[in-house]
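These are the residues of each chain, in order.
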Amino acid sequence: MTETRPAGAIPRPDPSAAATGASRLGRRARSLLLSDYFVLWLSLAYFLALLPFLPTLGTPANLANLLSNMWPLLVVAIGQTFVLTIAGIDLSQGSVAGLTSVVGAMLLATAAPAQVLSNAPIWGVVLTEAGGPLAGVAWGTALGVAAMVALAALIGLANGAAVAVLRMPAFMVTLVTMIAVGAFAIWLTQSNNIRELPEDFVALGKGTLVSVYFGERAEPQIPRRQLHDFVTWPMLIALGVAVLAHVALNRTVFGRWVFAVGVNRTAAEISGVPVRRVIVAVFVISAVCAAIGSVLYTARLETGRPTLGGGNFLLDVIGATVIGGTSLFGGKAKILWTFFGVLFFVLLSNTLNLMNLSAFHIDMVKGGVILAAALLDVARTRMSRGAAP
Amino acid sequence: MTRLTSLAAGAALAALGAGSFGSAASAATICFAFQDLETEFWVAGHQAITTTLTEAGHTVIERNANEDANRQLEQVRDCIAQGVDGIILIPQDGESATTIVAEAQDSDVPIAVFNRPPSDLSRGIVVVADNATIASQAVDHIVAKALEAAPTDATLNALIVVGDLGDPNAVGRKDGFYAAIDKHADRFNVIEVASQWDAATALANLEAAVTATPDIDLLFTSSDFLFPTIRSVFEPRGMWKKSGDEGHVWMAGLDGDATACQLIKDGYVDATGVQDLYFEAEQSMSAILAAIEAGETQPNQVIEDPGFALTSDNLAEREMDMWGCVLLAAGFLNK
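As given, the protein sequences belong to chains A and B, one line each in that order. My numbering applies: residue 174 is where the first sequence begins, and numbers increase by one. My numbering applies: residue 14 is where the second sequence begins, and numbers increase by one.
Isolated chain A (complex conformation):
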């Protein structure tokens, strides 16, 4: 039915049209909030908003730094994503990173100073002045990395078994693991770091495959400062892990089981999902991701460190995952979201550094952003339930 209006009559605002406009705007806001790309748009908006005030932000050198800081954190956050999806939490990722860092370094080191490490229990047993048992061995780096991953998988297995079989809360289990494994790592070297790692291992954290240079080539030798890392080994490793994780979580039956356990464990059990095995597998994945992250961190620092993964490491990992949109209530996650969450988190840290804020202010802001992300998660969960038919 159409409405006719006399010629020359002044049109009056139609309240129903205004309501329709408001409702359209509301729908758009809701669709943006529920979009898979919400955090990406947020990151872009944040980047563009700050660019006029922080010109360094968009320089190739800074962008290369941003990328370089993303990769190790992304790998660890992917592991946490799996655990959060089953409505769990893994607080032991930091200490697993520390222990595997020490174990990898003590196996791979090409030399070690007796003056520093002679009091360590590993001295003379695994590590000597000539280095670790894999020093100079063919495929030594691969074996060392495999040992790191295998050790992490064992720790993840223990965590998962305690949660799945003994039905202990994940928070408590992983808290105890965090304390015990962290202390064990420190005891192994008596809190000392192990340096002198082989070059091929260090390349895993710092190796560059493609560097870029912007500008005319005026000199035969381009200064290193003007060459910017673009494609690196950490990037390839992290993206490889991300793709595998994406396929596992979103394209396989195992992934569906993970979501089913996160949404409702009892319903999943009744439906025939092997809940215990899924929980154990998820904690193994989380620990293995922590170990791969540890490889990248250990290699970039060129040192096996028992304290790696201490301090605010967990804040960064869980924060980045939650900011991405993975629900703390379980049953809602995507690896893409975690990727965007890590991107935003690293961008946030970088911009706060460029603003010359102190470490304390930076942590306060990060904490506030994580709180906002958690509140947003609640809002999004309500909205998506409201939108469901």
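Just so you know, the hints here were simulated from the structure itself, not pulled from any lab data. Just so you know, not all the hints are guaranteed correct.
Claimed, not checked - Simulated coverage check for chain B against chain A, where a stretch passes if three residues somewhere in it have a Cβ under 8 Å from a Cβ of chain A:
no., region
1, 75-88
2, 92-103
3, 263-270
Said to hold, decoys possible - Only some residues are given here: those of chain A computed to face chain B with a beta carbon under 7 Å:
no., residue
4, Val420
5, Arg424
6, Glu475
We put the beta carbon where it would ideally sit given N, CA and C, even for glycine.
Once you've looked at the hints, dock chain B against the given chain A.
For chain B alone, kept in the frame of chain A given last:
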């Protein structure tokens, strides 16, 4: 400006001369990356460097890594991306220092490491105290006093609170302690207590050690900042006594902070090895500014602070040579 800032800057500038760091005409942007400000030494060093550079017209970008080596590496990379002219670094430990120095030099940015040296001294400007010599001077003093006070055939218990051995400073201090003790190796039974440069760790380990061996005759702490921790363990056990009192434990430390100065004056502590904080700060700043001025991107130099030991015997003559006593005289502990 806070009182401490004025104090440290004043002391530093008085010692160095305000004109030593160039004028605003040759203003440089310096990244000052430090691991934390946990002790008096680092606080005073931080204030001396930032205030002196700022007042000389240079821009200082501060980065606090909060004791996280990975974060410090990322912060230094951010500084390099910002195009700073030079970097002054207080690293978390010797190993991360080596990595960060290499990172800066590979990017053609001159870097100076203040007080905590890299495990590889061949790269970067490294300003470091001769920890072994300073420690042995301080320990020599208490060893002589302890032997003098003990029967000639007695074996004494000497306790060392060791720092984080990933830090070359801690290694040097431990070596200095043993250099002094080994001169009378047959007279001492040594007990090692790990602190990892952490007061809580030191407290737990020291309590366990003193419970196992209550009759400690001599104690050396690898850093003065642990004296309050030592007091909290010794006092309830009746071991916190002044020199001359029955049961006094001969004690020495290293750093030369205001607390140690007060304790030496009060007679609880007998000696402390002194790092010349303002000398080290001056050397770091002038070396990095000279490198920037000369366009030198990879300067390598080791600058040693000889230091000395302030003891109960030379207190009257050398008190004001110690940075902690300067701060104490200006009311630092009454803030």
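Taking the numbered hints from earlier one at a time, note which ones the structure violates and give those numbers from smallest to largest. 3, 4, 5
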